[in-house]
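Residue numbers (this note's numbering), protein chains in the order written: chain X, 1 to 286; chain E, 1001 to 1330.
Rather than coming from a laboratory, the hints here were simulated on the basis of the structure. Do not rely on the hints blindly, as some may be mistaken.
Stated by the list, open to error - Derived coverage of chain X by chain E (criterion: at least 3 residues anywhere in the stretch with Cβ under 8 Å from a Cβ of chain E; other residues may be distant): (1) 5 to 13; (2) 121 to 130; (3) 158 to 169.
Note that beta-carbon positions come from the ideal geometry of N, C-alpha and C, so glycine has one too.
The lines below spell out each chain.
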Amino acid sequence: MQSLNTSKLRSLELKANEIRQDVIESLLLAGSGHSAGSLGMADIFTAFYFHILNHNPKRPQWADRDRLVLSNGHICPVQYATMAHAGYFPREELKTLRKINSRIQGHPHRTALPGLETTSGPLGSGLSQAIGIALAAQLDKKKYYTYCLTSDGEQQEGNTWEAVMFAGKRRLSNLISVMDRNYIQIDGDTEEVMALEPLRAKYEAFNWHVLEVDGHNLAAFIGAVNEARAVYEKPTLIIAHTIPGKGVGFMENDYRWHGMPPNQDQAKIALSELQAQHQSLTGGRS
Amino acid sequence: MLNKDLKLSAEIFSAEIKQKPTRDGYGEGLVKAGENNKNVVALCADLTESTRAEAFSKKFPERFFQVGVAEQNLATIAAGLGVTGKIPFISSYATFSPGRNWEQIRTTIAYNDSNVKVAGHHAGISVGPDGATHQAVEDIATMRVMANMRVIVPCDMIEGRKATLAAAKIVGPFYLRFGREKSPVFTTDATPFMVGRAETLWTTKKPEVAIIGCGSLVYNALLAAKALADEDIDVLVINSHTIKPLDEKTIVAAAKKCGAVVTVEEHQVMGGLGGAVAEVLAKHAPTPMEFIGMQDTFGQSGKPSELYETYGMGVKDIIAAVKRVIVRKV
């Protein structure tokens, strides 16, 4: 991982903002899709694709690349936008989200788009696939890391805990999971739908190392990933506290935006808000 | 008479014929596949001995992964290994895998095109005393409807070994179905086996009915053919070990030649081999059919022989079905 200085940090913040704008635009054109989680995870996706991952967008099958597995596939608009910005495919293609014959399916499909590591959408199955990839790394004596991005809602799936149990038992230190802790799911607040807490204690009881971080503080998040990579003998979970809908005032912390796209008017407001944030980041210089 | 080209066992109709479960073929094939290719790995969900993954686990401990009683994890960890250059074989009882983890197999193995081989063991009612909870009679159907999934049901231990080795060589998802009970080993190492090609084991000059079977019940079909020959009723017996991709050419040709078909399987008659054959024939050669298999019911505890008799899968049931379908011929 490269070092992180102030100017790099600023460039990442700007990138995250631009990615949020592309998320809004692609969801508007798609007419369906998931806004809140996509916006909430834009900072973390930016951190991964523009700072953390050892990858090469021109060689998506490179055997030594770090693997990033998206378990909660429904937030793929942010993954697509980030990948496009990183150079995996033209940004123009973001307009095809959820459209017929598109490579960027409504939920990510590995064989449709080079650079996707798994197919996902049905919840709770990403962590165990990441485990399989991490086991293959051990067998092949490869040094790459396998990162898994999960939602908090999918902690309600039994498959998730089968995976948590396995990774703890096998002490998979080349596996780092990042949970988007935004407290919303389709039917409402996670703690009302099916309470998840105490998440830290649960993972620790399964022999994981657990970190908690502000998921919108890029420096703090990158620092947490650095710490996770320094942990031997255990897999690490980073609980990233995020604001669903981050960056768009009327979407923030409102669970109804979990599975809804903006309409024309809403998108206009959202984009003007994001553009204003972009301007303030550049100090008025655009 | 027996098709001599297929080099079936010389002991085929002897009371002394060797009996071994098809799952033994999985165990042998898995070790051999592991010797042939270092990328072959095996995973099991707390049923290592009974699904015959044990020999592999001892020979290649670093390539064997015990996941505990967690079939969803079994399928999805394998999916991750499979997209990273490994050739994972996962084994459990068929009621649990692919029973419990069907969606994981669909999304992360079949749709994701991960090179995973799903081995469903203790399939059919012949698992016996454990009862209906452990008798998978729906797995052929649930795997067959999945795009990008091949389905093979070996007829004996030797074919089980060949099917396992073939699955290791051919890139892409497979479902392999195995039985718990000993059954006659009536093929030999020299018997041809090719994924997607059905073999006509019993041929006659003017066959009146084509009996198409899969799994160890193919042996009962051969016994029925032999008994029918004594009554001057000529049939064909086809071993359709590959349910998907089905050997449509052989099946349509047999149906046209005979004008009547009986399917034989240790599975629900809906959606399994019989369903697959009916789909093909409805399209290319509508033919009267009778279906040997579970008739929309669950099994129960009992000895395998008692269960075959109770649920109509014995030799006499196949003979009766042949006679019924002859009457229906147009």
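Hints, one by one, checked against the model:
1. 5 to 13: violated (count 0)
2. 121 to 130: With 7 residues closer than 8 Å to chain E, the region 121 to 130 of chain X meets the three-residue bar; holds.
3. 158 to 169: holds (count 6)
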